[in-house]
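2 protein chains.
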Amino acid sequence: MTGNGLQRVIVEHVSPEIDAGRFYIKRVAGETIRVEADIFADGHDHVRGRVLYRHESEKKWQHVPMQPLFNDRWHATFGLPKTGFYFYTVVGWVDHADTWQEGFFKKYQDTQHMGVELLIGANFLEAMLPQAGKADQKEIKRIIGILRDESKYDAAINLVLSKEMHHFIELYPDITHATAYLRELKVYVDREKAGFSSWYCFFPRSASPVEGKHGTFKDCEALLPRIAEIGFDVLYFPPIHPIGETFRKGKNNVVNALPGDDGVPYAIGSKDGGHKAILKDLGTLEDFKHLIAEAAKHDLEIAMDFAIQCSPDHPYVKAHPQWFKWRPDGTVQYAENPPKKYQDILPINFENDDWQNLWKELKSILDYWCEQGIRIFRVDNPHTKSFGFWEWCIAEVQKKYPGTIFLSEAFTKPKVMKELAKLGYTQSYTYYTWRNSKHELIEYMNELTQSEMKEYYRPNFWPNTHDINPYILQDGNENKFIARYFMAATLSSNYGIFGPVYELMYHEPFPGKEEYLNSEKYEVRHWDWNKRNRLTDVITKVNAARKVNPALQITNNIRFCETYNDNLLAYYKKKDNNHILCIVKLDPFGKQFAHVQTPLWELGISPGQDFNVYDILTGNTYIWNQEWNYIQLEAWDLPVHLFRIEV
Amino acid sequence: MTGNGLQRVIVEHVSPEIDAGRFYIKRVAGETIRVEADIFADGHDHVRGRVLYRHESEKKWQHVPMQPLFNDRWHATFGLPKTGFYFYTVVGWVDHADTWQEGFFKKYQDTQHMGVELLIGANFLEAMLPQAGKADQKEIKRIIGILRDESKYDAAINLVLSKEMHHFIELYPDITHATAYLRELKVYVDREKAGFSSWYCFFPRSASPVEGKHGTFKDCEALLPRIAEIGFDVLYFPPIHPIGETFRKGKNNVVNALPGDDGVPYAIGSKDGGHKAILKDLGTLEDFKHLIAEAAKHDLEIAMDFAIQCSPDHPYVKAHPQWFKWRPDGTVQYAENPPKKYQDILPINFENDDWQNLWKELKSILDYWCEQGIRIFRVDNPHTKSFGFWEWCIAEVQKKYPGTIFLSEAFTKPKVMKELAKLGYTQSYTYYTWRNSKHELIEYMNELTQSEMKEYYRPNFWPNTHDINPYILQDGNENKFIARYFMAATLSSNYGIFGPVYELMYHEPFPGKEEYLNSEKYEVRHWDWNKRNRLTDVITKVNAARKVNPALQITNNIRFCETYNDNLLAYYKKKDNNHILCIVKLDPFGKQFAHVQTPLWELGISPGQDFNVYDILTGNTYIWNQEWNYIQLEAWDLPVHLFRIEV
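Residue numbers (the working numbering), protein chains in the order written: chain A, 239 to 885; chain B, 239 to 885.
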């Protein structure tokens, strides 16, 4: 016979809750959280509930009353103004006073004598006194006096049936035997950029204005105005560390580099140092810090690549041989995908007995770069490193450097991608890169935004990356480049492109593969950074629109609109009074038309009432007044509409 | 940095699991349990998993290997031969040896030199030695010798690629760094009657063969052959305790009883005693025990009613006034549903400070009757008593008296009914009584047997009860009585009827209510127990069929069959080689026909192949040979088919 037998209320199935509270959910500062729970008791007494919550910096719990939905489900919403962890849980209790008041009303209607009932009510009021403030105490005592005065029977009845009585009952419940949900749950509140960011990736070594010359951080600084102008706010660099020479790969990933080949930035480490060093060709640490500061002036944050692997020349190999796998013949185990060998890369063996020192050293790399001013890391292939390490490392870094953002570059099996997000990754790459048909796009967006994933998995949509030149873009069709870009930037509030390859619509593949020919992963390239085209114009306008339209700064607010045309994708996003309607022509070649179902019920518009539909990209305004509106996208025109609906 | 950093495998989403392991799942002895889990690791190494399980009486865990399904989901099944609790959980690990063997094969196909690989393999084998038995040790050592002998290169390669090598890898995995699921889960295994039972309820006070005379236990004994003959195995009596006199209710629930009125058995307790006493008119304790023994000879178990409430004359009221609610005027709080008053009934107030003694006393009632030989309790309105009490009480009674069955008589809100089942009730009443249309029946059956409810909620279907004369039966239509009975007994493996009212098709309602006129709850009735009719014939045949057809002894094996006629319900049940197909005409008046889709794929029959369909109720045999078969049920004939398909 354990527990408190006087707790009659059941509180269960609290949401949001990930895997029975094993993982925290995520929000960004300024958002809210809607908590729901099943709350019920035995018998027919009234129950009530509240959500308890507190920021990790506060000891005192705050609470917000829950409201019933249906079928014993209750809900309440609270705000999350601060970053960091909040805790929340639910309590429920039997409200005897409320039950009594309802019974009182029914008995009174039945013309029963209410003498005993008034005395019961007085007792309930008396029990409220310790909770009440001075003024309320005085008033409550006055009511008690009347309820206990037989000569004031009619006045007493009127008082019991009054709103004032109900007000006190709601305000001062007796929660002595309240049941608390058996777990306290957590939500991690990130800074706003975790939920709304526009990434631009390029190789700094390709930044030189002089063909054939290795780019430097100084060269990168010269590109900042252009990148800021087209509207990005995160600038992500592949690894900038010394590159190994042993088994160095050549251009187009050939096994043996030629003299003068610059190598692969992911083969990290040389005699010049490892993950805390900078490739001399790019510049010095001071140059890098200067770049970080200059970027900040353009509202650009630098994101670094965190790739846990070593070239055979990495200082770790000699200093910490126990972190690598050694074969019975005394040679080190290089990366492989049998029968393929990647001898220029040594994976760290996380299953080594010195794992605690390994974890500490790896975390110290992040600490080091945080010290230099970095707060965003794109993590390379996190799914090939220990899950436990990520959970620990991300929590530790975020504790020391609040606001640090981690992007998981895991393109792998669904459950592995989800696990990394649950363990702490702020943002995650997605399958968007390969979701092309209308059905696929809607199904995937609904999974991301309507399933439990919405609570912990923040998608970051990339139409291309420096690793992926997707088949759909390999023909260089401009409409595809525009549409794939446009959808990334409007379906998802976090997105990125690998440039200038993307906006220059460079598309030549390594034959048969979803990779670029002459990829910058294996060589220095030279680009005409000043080029402008229809795509750079779209990018500039879309990025500008994202900044001023709050509806585009959220992902989970998406609702698809019916079109009855498989080549026309339509979706609506809303935030307060900001209404965005996007139309995308998925067929890159022909004309497509359809009627689009506009969600008038969300807009608060009645059919027949005029409203303005403003196309942000063209400046055209249309006047609509129906639920179903005709859309036609011409073969020769932009394949997208970015409508702001003005109501 | 807590935990073991060398555990790389994730084990999550184990099923079946109710509310994160807060509640146990249920099975009956002889059944199996299929456990599933997500198991995966970082990277590309192979993972494996096993289910660990043990009976509560054993200390040592047994294990069964899991097999992969798809998308990182794994499964395994184990048997539950004993009653009582079993514990189960899942472990997963990275299988380096298995990974190595696959890589070995790919490298060998690629014609690489395998020297180092053979040495790695020898090391894996060496690690297996401590786990292996003597014979295996010898063989493993022999293989190691060859793998390490450069002169036996070809033989070594053949050995590595052999089934024997894989056999050892599977048999002796290195689980040093295995991850265990974070919870141990529980399944409670009941005796068989928990899953397969046929209940017959009647009022013993109506058992006298002499009109106007109060029935006795002796009279009940005379009825046993008849009840056994028509095939029931549980005989359930409403309360048999002394009945209160204060505020006694009269016939048809009128407020004031007339002299000589026998009162309501649910107003328990008088000067003659409370819940451990027997109403003198029925007989003595010895008579009752004699009846229990006589019933057992007919394979009938007596089920008692456990109704926690008291008449104002119950000894508890004076002995334990603290267990009741007292009003400010010093009077006791009777049951009420404002504005209605039920002054003959005092509810126990579970919210009293003496709750621990209350719980003990209530449990002692069950212990007392268990001592007399009772092992089945039908609990009256459990949803108006404390949830915590039931969880404790059921567990305690089942610990002391294994095999005790509790039937929850809660007709209330869905979540409350589910909670009682989760807290320990063996069987539960359902909404079947009010599910009449084809759509409702299929939807409800699917909820019971396809949702999580199948793991903990054992339905018991009643077409009527002594409290409920459902509207659908109030016209006395024979086809309805047959169909509603038939569905209860074939949809659900647990079912019951309130007789002889049901089989005599007594149907007169108290006007406007779903209750019987002249209900036995308020008066002694007299019945012609020897009457036979078409319904008693159906009952006898269906009960006999249930006993010899294992497919009818399970509820969760149901699959509905398409008919394209909303008045024809068809369903199929299978257990090993026993195949049952039921057809029910829901329209009580007209002829109905349709083609029924027969699940040939379950029967292992190809279209065109003859198979016999035997109607258990009529003795007719049909020869079918197609998937879709014509069914016609005439207005004048039985409204049901009970087919056994012979393959």
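Hints were generated in silico from the structure; no laboratory data involved. Any given hint could be a false lead.
Any copy, or any two copies together, can satisfy a pair, since identical chains are not distinguished.
Using 20 Å as the maximum straight-line C-alpha spacing, the simulated SDA-like pairs for lysine to any residue come out as follows [said to hold, decoys possible]: (1) Lys785 with Asp814; (2) Lys656 with Ser253; (3) Lys390 with Pro447; (4) Lys556 with Ala573; (5) Lys637 with Val570; (6) Lys637 with Thr801; (7) Lys769 with Arg613; (8) Lys601 with Gly241; (9) Lys518 with Met691; (10) Lys579 with Asp591; (11) Lys320 with Val786; (12) Lys344 with Ala573.
Here is what the structure says about each hint:
For the homomeric pair Lys785 and Asp814, the shortest alpha-carbon distance inside one copy (15 Å) is at most 20 Å, but the shortest distance between copies (64 Å) is not. Proximity of Lys656 and Ser253 under a CA criterion of 20 Å is satisfied in both settings, with 18 Å inside one chain copy and 19 Å between copies. When the C-alpha separation of Lys390 and Pro447 is checked against a cutoff of 20 Å, the pair qualifies neither within a copy, at 94 Å, nor between copies, at 61 Å. Taking identical chains as interchangeable, the C-alpha atoms of Lys556 and Ala573 lie at most 20 Å apart only when both belong to the same chain, with a minimum of 18 Å there against 82 Å between chains.
Taking the closest pair of Cα atoms, Lys637 and Val570 never come within 20 Å of each other, the shortest separation being 36 Å inside a single copy and 59 Å across copies. Neither within a single protomer nor between protomers do Lys637 and Thr801 lie at most 20 Å apart by alpha-carbon distance, with minima of 47 Å and 63 Å respectively. For the homomeric pair Lys769 and Arg613, neither the shortest alpha-carbon distance inside one copy (31 Å) nor that between copies (87 Å) is at most 20 Å. For the identical chains of this complex, Lys601 and Gly241 are inter-copy neighbours only, at 17 Å across copies versus 43 Å inside a copy, given an alpha-carbon limit of 20 Å.
Within a single copy, Lys518 and Met691 get their C-alpha atoms no closer than 42 Å, and across copies no closer than 65 Å, so neither meets the 20 Å cut-off. Taking CA atoms no more than 20 Å apart as the test, Lys579 paired with Asp591 passes in neither setting, with 26 Å inside one copy and 73 Å between copies. For a Cα distance limit of 20 Å, the shortest separation of Lys320 from Val786 qualifies neither inside one copy, at 23 Å, nor across copies, at 67 Å. Taking identical chains as interchangeable, the C-alpha atoms of Lys344 and Ala573 lie at most 20 Å apart only when they sit on different chains, with a minimum of 15 Å there against 78 Å within one chain.
In this structure, the hints that do not hold are numbers 3, 5, 6, 7, 9, 10, 11, in rising order.
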